[in-house]
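Participant: In case you want the letters, here they are:
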Amino acid sequence: MAHSMRINLKIWRQAGPDAPGRFETYAVEEANPHMSFLELLDVLNEQLIKEGKEPVEFDHDCREGICGSCGLVVNGVAHGPQKRTAVCQLHMRHYGDGDTIVVEPWRATAFPLIRDLVVDRSAFDRIMAAGGYVSVSTGNAPDANAVLISKVDAELAMDYASCIGCGASVAACPNASASLFTAAKVAQFAHLPQGHPERRRRVRSMVETMEAEGFGDCSNHAECEAVCPKGISISAIATMRREYMKAVLSGSD
Amino acid sequence: MAPVLDAKIPAGRLQDKWDNYKNSIKLVNPANKRKHTILVVGTGLAGGSAAATLAELGYNVKAFTILDSARRAHSIAAQGGINAAKNYPNDGDTIWRLFYDTIKGGDYRSREANVYRLAQVSNNIIDQCVAQGVPFAREYGGLLANRSFGGAQVERTFYARGQTGQQLLLGAYAAMSRQVAKGKIQMHTRSEMLDLVVIDGRARGIITRNLVTGEIERHLGDAVLLCTGGYGNVYYLSTNAKNCNVTAAWRAYRRGAYFGNPCFTQIHPTCIPVSGEYQSKLTLMSESLRNDGRVWVPKQPGDSRRPTEIPEEERDYFLERRYPSFGNLVPRDVASRNSKYVCDEGRGVGETQLAVYLDFADSIQRLGRNVIEERYGNLFEMYERITGENPYQVPMRIYPAVHYTMGGLWVDYELQSTIPGLFVLGEANFSDHGGNRLGASALMQGLADGYFVIPYSLGHYIAGSRIEAASTAHDAFEAAESEARGRIQKLLTIKGNRTVTEFHRDLGRIMWDNVGMSRTADGLRIAVDEIAALRDQFWQDVFVPGEPTTYNKNLEFAGRVADFLELGELMARDALIREESCGGHFREEFQSEDGEALRNDKDFTFVSAWQHNPDDIRKPTMHKEPLAFENVELTTRSYK
Ligand SMILES: Cc1cc2nc3c(=O)[nH]c(=O)nc-3n(C[C@H](O)[C@H](O)[C@H](O)COP(=O)(O)OP(=O)(O)OC[C@H]3O[C@@H](n4cnc5c(N)ncnc54)[C@H](O)[C@@H]3O)c2cc1C
Ligand code: FES
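Chains as they are written, first to last, in the working numbering: chain A, 1 to 253; chain B, 1 to 640.
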C-alpha cells in the first residue's frame with residue numbers, strides 16, 4: 001500500500017457573499033499519494049463533520065476534467081501546479097509529507113462568491129446567450145456532408161471548442177478578463193462556415209456583454225493560457241480582436 | 001394486458017410506423033403554443049435538445065438543472081462517439097442494420113418500434129449538430145470521418161476527438177442559449193427537483209429547491225419532461241458524475257409513474273481500478289483500447305511478481321482463451337464478468353488484487369510506439385495522470401465499473417409515462433436499450449428523444465387533452481411542498497453518528513456484491529433485506545451538517561442517498577424475478593455448461609414495470625409489457 005502522508009491545508013472560509021472571509025488551517029493525517037485533490041477535500045470534510053464542524057463547500061461533478069465545475073486556486077495557481085489539468089485531475093503524489101497547501105476560490109468581481117470555495121459563474125452563460133450559437137432551429141439542417149470543411153479548420157475549431165468554461169482564465173488574469181473564454185467561442189465559429197452570416201453581430205454582442213458583466217480588459221499577460229486545463233491558445237484572443245474590428249468598422253449587423 | 005401498459009405502438013409496417021404516427025397526430029396551432037408552459041427537468045443531451053426545440057416551436061419553457069450551468073450536465077463526459085446510419089463510408093450500413101444491431105445488442109429486451117424510430121432519426125441528428133457548428137472529426141477532403149465502435153461491423157460512429165459528448169452538449173446548450181436570449185427559455189440553474197405535482201391525474205408541476213438559498217419553489221406547467229439521466233450512482237462508485245442521481249425519477253415513481261426494468265445495469269470492463277477507501281468515483285478508459293491491448297492475469301493465484309517478470313507461459317490471456325473468435329473484443333458484459341471471475345479466483349493484480357492487465361507490449365512491438373501513441377496517446381496520458389504509471393512500459397490495470405443504466409421510468413412510444421403529461425427522455429427512461437446498451441447509442445437516443453420525437457408527441461398531448469387551468473396554490477402543490485420541507489427538516493434533525501457518504505458507501509457495497517456483474521437468488525434476497533435495514537438505520541442515524549437555507553452539498557446528497565436506498569431494493573427485487581441471464585443481467589443459476597448466459601425467451605420476453613405501493617414501499621406491484629418481435633428473429637449471442 002502506498003504510504004500515507006500528512007497534508008496541512010489553509011482554506012478560505014466564507015459563509016456567504018456578504019459575510020467576512022478568512023483562512024482556516026486544517027490537517028489531513030491520512031492523505032494518500034494516489035488520491036485526487038478533491039478526494040483529499042472529501043476526507044477533510046468527513047473529518048470536519050465528525051468533529052461537528054461545517055464542511056468546506058466546493059463545486060464538482062465529473063471529476064475528470066471535462067464539466068468545468070471544479071475551480072480552486074491552489075498555492076496561488078488556478079487549478080494547481082500541473083499543466084493542462086483541472087484541479088479534479090490533480091493527484092496528491094505531486095505533494096510530500098508535511099506540505100502546506102493554500103486553497104482559495106476564484107476571485108473576480110464578475111464571479112460573486114456564494115460560499116467558501118463556490119462562486120457564481122452565471123456571467124459566462126449570459127455571454128453565451130449574447131451570441132455563442134448558430135441560429136439554426138431543429139429540422140432546418142442540410143445534409144451533414146453538404147458543406148465541406150477542411151480538416152485543418154475543423155481541428156482548429158475543435159481546439160477552441162474544447163473550452164470547459166471553468167473560469168480559471170478569469171481567476172488567473174490580473175484584470176479578471178473573460179477574453180479567453182469569449183474568444184474561444186468566437187474563434188471556433190470563425191473557423192467554420194456555419195453561422196458565418198451572423199459573425200459580426202455575434203462578436204459585437206458577446207464582447208459588449210463581457211464588458212457589461214464587469215470582466216476586465218485583456219492586456220496580454222497570457223496568464224489565462226498558462227492555467228487553461230485544455231491548453232486553449234491566446235491566439236483566440238487575436239482572432240476575436242480581428243473579428244471585432246471588422247464588425248465595428250463595417251458598422252452594420 | 002392491463003390498459004395502463006399500452007405502449008401505443010402505431011399500426012403499419014415497422015418502416016412506416018413513425019410516419020403513420022406523425023401523419024395521424026393532432027397539432028397545436030402556432031399561436032396557441034405560446035399559451036403553454038413546459039417544464040423541462042435536466043439540461044443534458046435529452047433535456048437540452050428538448051428545451052431548445054420546444055422553445056423554437058413557440059412553447060414557453062422552464063428548464064432546470066442542479067448544476068451551476070446547463071452546459072455541465074453529465075452528458076459532457078461522453079467520450080467515444082455517436083452512431084448514425086448515414087452510410088457515408090459506403091460499407092453497407094442501413095437504417096435496418098443500425099436497428100438490428102441495437103435490438104440484438106439489447107439482447108431482445110427492447111421494443112422493435114422504438115428502436116427502429118431511433119435508427120430512422122439518427123441521420124437527422126448528425127445534420128442538426130453539424131449545422132450548429134459541432135466540430136466533428138473530418139477527413140482531408142473535408143467530409144465527415146467515421147470509425148467503428150463497440151464491435152459493430154460498419155463504421156457508423158461520428159466523433160469529436162475523445163470529447164463527443166462535450167461537443168454535442170455544447171451544441172444543445174448553444175441552441176438553448178439562443179432561446180434564453182429570446183426569453184423563450186427561463187433557465188433555473190442550481191435548482192433541484194424534489195417532487196412532482198399531479199393534479200387531476202396529470203403531471204402539472206414540480207417542487208424545486210434553490211441550491212444556493214435553500215428556497216423551496218413551486219412551478220406550474222402544462223406538461224413535465226424528466227430528462228434527469230441515469231442512476232448508476234446507486235452503486236456509490238461508478239463512471240457517472242458525482243451529482244447524477246435518481247431523485248427526480250424516484251419522486252415521479254412515488255407519485256405513480258412505473259419504473260421499467262430497474263435491474264438492467266451496464267458494467268463497463270475498462271475502467272481505472274479503485275485505489276483506496278477514499279475513492280470517490282471511477283474513470284472510464286475508452287473501449288477502443290481493447291483493439292490493441294491484450295487482457296491477462298497470472299495463471300497462478302497470488303502471483304505477486306511484477307508483470308514484466310511473469311513469463312509468457314505463466315500468463316492467462318483469458319478472453320482470448322475462452323473466446324477465440326472475438327478475443328479481447330467480446331462485448332462489455334462478457335469482458336466484465338470474466339474479469340471478475342479471474343479476480344474471484346485470486347488471480348487479480350495490483351495492490352488491491354481487483355484488477356486485470358491490459359497489455360500493449362505486443363502491439364508496441366508490432367506497430368511501433370508511435371502508432372500506439374497516435375491512436376491512444378491522450379488515453380495513456382490520462383491513465384498516467386491518475387495512476388502515476390507509464391502504460392508504454394508497464395501494462396495498464398483495469399477493472400469493470402458501473403457505467404450506464406438501461407432501466408428507467410417506463411414510457412410508451414410517445415415517451416409518456418404512466419402519469420399523463422409526464423414525459424421521460426434520455427437515460428432516465430427505459431426505452432431503447434433493452435438488457436444492454438451498445439457503445440455510441442446513448443448520445444443518439446438522448447438527442448433523438450429531444451430533437452425529433454418529443455416535439456411531435458408533446459404537441460399531440462397538448463392538442464388532444466383538456467388541461468384545466470390550475471395554479472400553484474392548488475392543494476397538490478401545498479401537499480408536495482410540505483412533504484419536501486418535511487423531508488429536509490427530518491434529515492437535518494436526526495443528528496446521528498454516521499455521515500451521508502458512509503451510508504452511500506455501504507449501499508454501494510451491497511449493490512456491487514449482490515446486484516452487480518453476477519447475481520444469484522440468494523444474494524439478491526440478502527440485498528433486499530440488507531438495503532431495507534440500511535435504510536432504517538439511515539433515517540435514525542444519519543448526520544447531516546449545516547442549514548437548510550444555504551448552499552449545503554451534504555444536504556443535497558442526503559436527499560439523493562435516501563432515494564437511492566429505496567431504489568436499490570427495487571433493483572434487487574427486479575433482478576430476483578428475472579430468472580434468466582440477459583444483457584447486463586447475469587444470473588448464475590441460468591448459464592450454459594460452459595458458463596455462457598442463458599436467456600429465457602419463453603418466459604421473460606417482457607418489460608417489468610413496477611408500480612409503487614403507497615401503503616408499503618416494500619410491496620410494489622409488477623406489471624408486464626410483453627415484447628412482440630415481428631421483424632427480427634431472436635437469436636443467441638455467441639462470441640466463441
Ligand atoms: C464516462 C462516460 C462516457 C460515455 N460515453 C458515451 C459515448 O461515447 N457514447 C454514448 O452514446 N454514450 C456515452 N455515455 C452515456 C451517455 O453519456 C449518457 O447516457 C447520456 O449523456 C445521458 O444524457 P441525459 O441527457 O439523459 O442525462 P444527463 O446528461 O445525465 O443530464 C441529466 C440532467 O438532469 C439534471 N438533473 C438530475 N437530477 C435533477 C433533479 N433532481 N433536479 C433538477 N435537475 C436534475 C442534471 O443537472 C443534468 O442537467 C457515456 C457515459 C459516461 C459516464
Ligand atoms: S469536476 Fe468536472 S472538470 Fe473538475
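Please keep in mind that the hints were generated in silico from the structure rather than gathered at the bench. A couple of the hints might just be wrong.
[To be verified] Per the computed footprint, the stretches of chain A lying under chain B, defined by three or more beta-carbons under 8 Å from a beta-carbon of chain B, are:
(1) 115 to 127
(2) 135 to 142
[Unchecked claim] Straight-line C-alpha distance at most 30 Å; calculated DSS-like pairs for lysine-lysine:
(3) A/246 <-> A/151
(4) A/10 <-> B/35
(5) A/10 <-> A/50
(6) B/104 <-> A/50
(7) B/624 <-> B/490
(8) B/624 <-> A/246
(9) B/182 <-> B/86
(10) B/624 <-> B/22
(11) A/53 <-> B/17
(12) A/151 <-> B/184
(13) A/53 <-> B/184
(14) A/50 <-> B/495
The beta-carbon is built from N, C-alpha and C at its ideal position, and this holds for glycine as well.
Participant: Which hint numbers does the structure go against, in order from smallest to largest?
Facilitator: Per hint list: 4, 6, 7, 8, 9, 11, 12, 13 violated.
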